[in-house]
Amino acid sequence: MSKQINVALIGNPNTGKTSVFNALTGLNQKVGNYPGITVEKKEGVCKLPRGVKAHIIDLPGTYSLNASSLDENVVIELLLNKNDKDFPDLAVVVSDVENLKRNLLLYTQIKDLEIPTILVINMADRMAYKGISLDLEYLETHLKTKIALVSTRKNQGIDKLKNLISNYKDLSISHCIDLSEIDPAYFKNLQSAFPNQLIYKLWLVITQDVNFGKTDRNEIDAVANFKTKSKNDLKRLQQKETIKRYQFINDVLKKGQTIDVANAKDLRMRLDRVITHKIWGYAIFFIILLTIFQAIYDWSSVPMDFIDTTFAAFSEWTKNQLPNGAFTNLLTEGIIPGLGGIVIFIPQIAFLFLFISVLEESGYMSRVVFLMDRLMRRFGLSGKSIVPLISGTACAIPAIMATRNIENWKERLITILVTPFITCSARLPVYLIIISLVIPEGRFIGLSYQALTLMFLYLLGFGTAVLSAYILNKVLKIKSKTFFVVEMPNYKLPLLKNVALTVLEKTKSFVFGAGKIILAISIILWFLASFGPGENFNNAEEITKKAYSTENLTSEELQQKIASHKLEHSFIGIIGQAIEPAISPLGYDWKIGIAIISSFAAREVFVGTLATIYSVGNDDEDTIKNRMAGEVNPILGGPLFNFASGISLLLFYAFAMQCMSTLAVVKRETNTWKWPVLQLIIMSVFAYIVALIAFQLLK
Amino acid sequence: MENTLADIKRGERCIITDVSSIHIPLKLLEMGCLPGNYVELVQVAPFHDPMYLNINGTHLAIRKETAMHILIKR
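From first to last, the protein sequence lines are chains A and B. Residues 1 to 699 in the working numbering are what the first sequence spells out, letter by letter. Residues 1 to 74 in the working numbering are what the second sequence spells out, letter by letter.
If we strip away everything but chain A, and leave its shape as in the complex, we get (with noise of 0.2 Å):
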């Protein structure tokens, strides 16, 4: 077996890192997570020249080694670590070459390391439209590496860099800078009590605060408590340190780089002068945002449309093909309609990511954070909270992982307490459905009542996390430093590639990880719909066939109360009922809180656990929506799903804390079961108290 080389891939945010990765791996990539914590990690193999493999991790951006968040602590921990499995064989720095004088400081400090360091200056197509030269022979040997000049927009370089990756061991490992300059005394008394350690190495142990891998804890520790300087005089040793290092970045560039400013065109001062207005600057977010929501109910109604007939006849097929008996049953009653609610929602989900990838990858993001943050810190968030609070509306475990970048703790804390507000994509097949039930169709100056509504609910999931974080702000009481310092990237075309990718991923993981949840639990609520104790289920048709003897039914009709019998006094029919007391009030039959009760593990399988429910002993395949259409309520007659209990349901689903897997994530988060704990008590109350209110006030 030929032995594949690690190579680590690291650079500052922005600077097409992910498109270098996307380019080298293509579609032979997969993503999990580093153990026990919940920072993405991003693997992929790449095909070098002469049969050669290369295994890629694609590291969380960062400006430097100088951590301020858990992402950046991973980067450290792994070039630290020397007995990880992933420890790199090689780093590739990916810089852009508009920001080369940046981007250049990380690459100091990896070097220093003596980790053989290959340069890709990437984004290259923008060389001209900027009036950037390069001498890249001069760079290269005064930054004592191998440069690869790289435009994944045009795809240009990538074969070069293969080939520096195949040809590492050429490398050569000597520093960019001599430490020991910034503090001789210092520096000469710390090598000298660890001669065999690298003096950079040991300087990052010193000033960073991140778990260092087990097998040389006890070395390091011996070196953590070498603390002969205050915390003050380490910074401004750090800030010597950062000096230096520019120092020798701007010698190299002073010859290595000529920037021609006649000849740079800027777009981005133009664009930034309307799109970061006081007053068009929010216009525009307003306006994207309506778009989108416009979009996600429009758009998408034509393949989902489809997409609900086609399980439908799906299922009435295979009803057909297959003898009857408790396995055909169960496979067209159970699992395809449960299904079918899973995959209906695809091209909603595929949207909405597409919006957020697109939103992020443009660098629009950015100026949403800086157009924010004044408003935000009114409520105890940052601007930075924005991020978290968007990807929200797509899922709350991502969103409250993005909470990382919030160096403030308090600030951090209150944003992950209010995210679960924020509309995810789980509530959004909900919604929809009810939607589509209880409003009416018909526009108002363009757009339509249905996605009007659609807004209202996120803004009403978006003003309440807004509002509870003002109330938290009042509350808490901890106190923690602020700082916030944001970059503001170029703006960029998106790439389609990355765009497609992250699409595809997520829409992936959307699918596969509710769809297992989905896929037991319409199994578990079939066997419970078609199973039941006592006399009153197994002969449901003789006392049916008693109690109508003296009408004059059709056959059909008498199936029909015969099936519905059988259902009530199912095991599920049981449970219902003896919750039914509880939700009543609120507009809701036991079939719907049998969904909702099934909601607490994940949002989305309200629709298929009442999909389940309603084909049971059910005959004509019907959609899921005629069939909640056709619903009556049983105490107040008319449709069950009217404009009453539509809005109580539709708030109740707005506020209530119903995801096991977010509870878990605020749980790793936070490190406490506190906050998720008081999150699933208050929200769930909270909810049930506006859902009864609405539905007494509108019944």
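Think of the hints as simulated: they come from the structure by calculation, not from any bench. Just to be clear, a hint being listed does not mean it is correct.
Stated by the list, open to error - Think about it this way: if two alpha-carbon atoms lie no more than 25 Å apart in a straight line, the pair counts; the simulated DMTMM-like pairs of lysine to aspartate or glutamate are:
#, chain 1, residue 1, chain 2, residue 2
1, A, 278, B, 65
2, A, 240, B, 2
3, B, 27, A, 407
4, A, 479, A, 669
5, A, 240, B, 18
6, A, 235, B, 2
7, A, 235, B, 18
8, A, 235, B, 65
9, A, 254, B, 40
10, A, 278, B, 2
11, B, 73, A, 487
12, B, 27, A, 40
13, A, 474, B, 49
14, A, 130, B, 12
Dock chain B against the given chain A, drawing on the hints supplied.
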């Protein structure tokens, strides 16, 4: 009174003179906010906060409370 970065106007360009205050995060220095480098105020949000700056070619946003600790020369 010395001038700080919080005082400059939109479109104005100055030179950074001192960043030794402990209220300035290391990350900001690493992004190029160092003595001798130029800084230009590109855009401000309402209430002059946060401030969108061009520091030595790097574009970033910081809050006014941080800008107050960065000394500049006009």
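So, going through the hints one by one against the coordinates:
1. Only pairs whose Cα atoms come within 25 Å are accepted, and residue 278/A paired with residue 65/B is accepted, the gap being roughly 20 Å.
2. Distance restraint check for residue 240/A and residue 2/B: the Cα-Cα separation of roughly 23 Å lies within the 25 Å cut-off, and the hinted pair is therefore satisfied.
3. For the hint pairing residue 27/B with residue 407/A, the CA-to-CA distance comes to about 11 Å; that is within 25 Å, so the pair holds.
4. For the suggested pair residue 479/A and residue 669/A, the alpha carbons sit about 19 Å apart, so the restraint of at most 25 Å is met.
5. A threshold of 25 Å between alpha carbons decides the hint, and for residue 240/A with residue 18/B the separation of about 13 Å falls inside it, so the pair holds.
6. Proposed proximity of residue 235/A and residue 2/B is supported: the alpha carbons are some 24 Å apart, at most 25 Å.
7. Between residue 235/A and residue 18/B the alpha-carbon distance is near 15 Å, which keeps this suggested pair within the 25 Å criterion.
8. Between the alpha carbons of residue 235/A and residue 65/B the distance comes to roughly 20 Å, so the proposed pair stays at or under 25 Å and holds.
9. With a CA separation close to 22 Å, the supplied pair residue 254/A and residue 40/B stays within the 25 Å bound.
10. A C-alpha spacing of about 29 Å is found between residue 278/A and residue 2/B, which places the hinted pair above 25 Å, so the restraint is violated.
11. Under the criterion of a C-alpha separation no larger than 25 Å, the hint pairing residue 73/B with residue 487/A is consistent with the structure, at around 24 Å.
12. About 23 Å separates the Cα atoms of residue 27/B and residue 40/A, which keeps this hinted pair within 25 Å; it holds.
13. For a cut-off of 25 Å, the pair hint linking residue 474/A to residue 49/B stands: about 22 Å separates their Cα positions.
14. Distance hint between residue 130/A and residue 12/B is fulfilled; the C-alpha atoms sit about 22 Å from each other, no more than 25 Å.
In the structure shown, a violation is registered for the earlier hint numbered 10 alone.
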